[in-house]
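Just need the whole structure built from these sequences, with the hints factored in.
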Amino acid sequence: RKEVEQDPGPFNVPEGATVAFNCTYSNSASQSFFWYRQDCRKEPKLLMSVYSSGNEDGRFTAQLNRASQYISLLIRDSKLSDSATYLCVVNEGAGGTSYGKLTFGQGTILTVHP
Amino acid sequence: GAGVSQTPSNKVTEKGKYVELRCDPISGHTALYWYRQSLGQGPEFLIYFQGTGAADDSGLPNDRFFAVRPEGSVSTLKIQRTERGDSAVYLCASSSTGQGKNEQFFGPGTRLTVL
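First to last, the sequence lines map onto chains A and B. The opening residue of the first sequence carries number 1 in the working numbering; numbering runs sequentially from there. The opening residue of the second sequence carries number 1001 in the working numbering; numbering runs sequentially from there.
Covered stretches of chain A, as calculated for chain B (at least 3 residues, CB under 8 Å):
hint : stretch
1    : 45-57
2    : 101-114
Derived DSSO-like pairs (lysine-lysine); straight-line CA-CA distance at most 30 Å:
hint : chain 1 : residue 1 : chain 2 : residue 2
3    : A       : 2         : B       : 1101
4    : A       : 42        : A       : 79
5    : B       : 1101      : A       : 45
If you are wondering where the hints come from, they were derived from the structure by calculation, not from laboratory data. Note that CB positions come from ideal geometry on N, CA and C, so glycine has one too.
Next comes the structure, spelled out in C-alpha cells:
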C-alpha cells in the first residue's frame, strides 16, 4: 500500500465547475498536511496547508480528517488557469519530532476546458 | 528575492558515467532536501540536510548516490555508475528551518537522462 494515495484522475471539467480531490495516508503519526500544485514541466509549489479545522483560501477549501486519515481539496468556480497536477503531501516527522521530509501522492491531473 | 536554483537544467549522460547535480537554496534557509520525480509520479524523498549534516538519508536508493553540503548552503548530489533507471527529474527544495510545518520551496529541477 502506498503511503499517500490519491484519486487516479485525470479530471476534465468545464469552466465554473466544482471539483473535489481526495487523498488517504497510511501513517497515523503524520503531523502536517499540504496540497501542492505542479504545472507541466515545472516544480511543485505550495497551494495550501491543511488543518484539522478545515481551511479556505478563496475558491479553494481543504479538509483533514485525522480519524479516517483522509484529506480533501475542493475547488469551486474552476478557471482555465487551475489546470495542473495537484499533489497531496504529508509530513511524517520522525521519532515524534516534525521535520520536513515530505511524502507525495502520485498527483491528480486536472484539466479545465472552456 | 532569488529562489532555489539548480544546475544544470538538463543533463544527458551515458550508462556508467558519474554526474553531479548542484542546488543553491534560498539564502538563509538551513534545511535542504533532495527529491526525485519520475514521469507520472509525485516527488520521492532522497535526503535531508540540516545545516551541513545529513539528518536523514533514508531515501537514497543505494550507495551509488551521495550528497554533500559542506558549508551549509550549496549542495551537490552525486551519482556514480549511472544506470538507465536513474533517469528522472531531480528536485531540490529548501525551507527556513527543518520543521515539517514550514513551506518547502522547490527549484526547477535537473532533468537527468541516462542513455
